[in-house]
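J.: Sequence:
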Amino acid sequence: MKPLDTPKLVKIMAIANDPNSPAGERQAARARAEAMVTAAGYTASDTDALAQTAPRSSEASNPFSAFDDEMEKREPGYKAKRAAEQAERLRKRSEERARIIRTYGSEEAARAPTVLEKMVLQAVHPFIRVKKWREGRESGEYETLLGWTAHDFFKECPPRVQKAIEKAIPMPTNVAQAWEELSFWELREEELDHVVGGINPQFSPDWYLADACAHRRNIIRDLVEHKLRAQNITEIQIRLEYLHHTGCLHDEEPATALIADLEALRERLEALS
Numbered sequence: 001m002k003p004l005d006t007p008k009l010v011k012i013m014a015i016a017n018d019p020n021s022p023a024g025e026r027q028a029a030r031a032r033a034e035a036m037v038t039a040a041g042y043t044a045s046d047t048d049a050l051a052q053t054a055p056r057s058s059e060a061s062n063p064f065s066a067f068d069d070e071m072e073k074r075e076p077g078y079k080a081k082r083a084a085e086q087a088e089r090l091r092k093r094s095e096e097r098a099r100i101i102r103t104y105g106s107e108e109a110a111r112a113p114t115v116l117e118k119m120v121l122q123a124v125h126p127f128i129r130v131k132k133w134r135e136g137r138e139s140g141e142y143e144t145l146l147g148w149t150a151h152d153f154f155k156e157c158p159p160r161v162q163k164a165i166e167k168a169i170p171m172p173t174n175v176a177q178a179w180e181e182l183s184f185w186e187l188r189e190e191e192l193d194h195v196v197g198g199i200n201p202q203f204s205p206d207w208y209l210a211d212a213c214a215h216r217r218n219i220i221r222d223l224v225e226h227k228l229r230a231q232n233i234t235e236i237q238i239r240l241e242y243l244h245h246t247g248c249l250h251d252e253e254p255a256t257a258l259i260a261d262l263e264a265l266r267e268r269l270e271a272l273s
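At position 131 of the sequence shown the residue is numbered 131 (full-length UniProt numbering), and the sequence of numbers has no breaks.
Hint data in this document are derived by calculation from the structure and do not stem from the laboratory.
Hints may contain errors.
Claimed, not checked - Only pairs whose alpha carbons sit at most 25 Å apart, straight line, appear in this in silico DSS-like list of lysine-lysine: (1) K167 - K155; (2) K155 - K227; (3) K92 - K81; (4) K131 - K163; (5) K163 - K118; (6) K167 - K227; (7) K79 - K8; (8) K118 - K167; (9) K118 - K131; (10) K131 - K155; (11) K132 - K155; (12) K163 - K227; (13) K92 - K79.
Let's have the full structure, built from the sequences with the hints guiding it.
T.: If you want it as structure tokens, here you go:
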């Protein structure tokens, strides 16, 4: 295993990411960088993250350098402490990423859709529409669902797509079932964040799940938060703990749902007395 020459990696990746360089030159630079990274014991998907964590020679590359310098004056050892904390975060993230890949057997398998993801993706496949984009000299394509993506925060999911997503997997009928499915989606998102995002994601997307799966996750989350009536103390506790964990306890809809849960429970207890 060869030690990684990080300054050299940064220079090579600068070529690979330069939009003004010829496409062939960029591809060759990336291939060379990935070869360096894999020779040092990492995976090719770690290349961008490793280049981003390498020390830069120019202060311009670090907009917080002046702040760090000032903190070092006030607290000698500040930079070393920050560097140690960052190294520990990367170590833990690298270990977790490796654990997830081992669980699935390979990085390719860890990235591949799970059974539930496949069910949702198959349900919306008839609605996929490809759109083109162009920005300067760069251009490409991206998939939409009848023109909609999960990033269209101010645009409703088309009714046909919504119905297909809801029917792809039997919808939970109680809070406990909804929590079980939501737990799956949140765990899967965390796995993809580690595997796809790499050991040090600098510009992470809002989520790594496919748009249809992310929307299914949001639908189920609403059931856990407020759209299903809790049937017993256990389900009230599930809702309460989730809202506390996510910091949504004081939001109007979840708070109203909890009050209604308790009122319904009181009525059932009174009926038994």
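J.: Where does the structure disagree with the numbered hints, that is, which hint numbers, in rising order?
T.: Structure breaks no hint.
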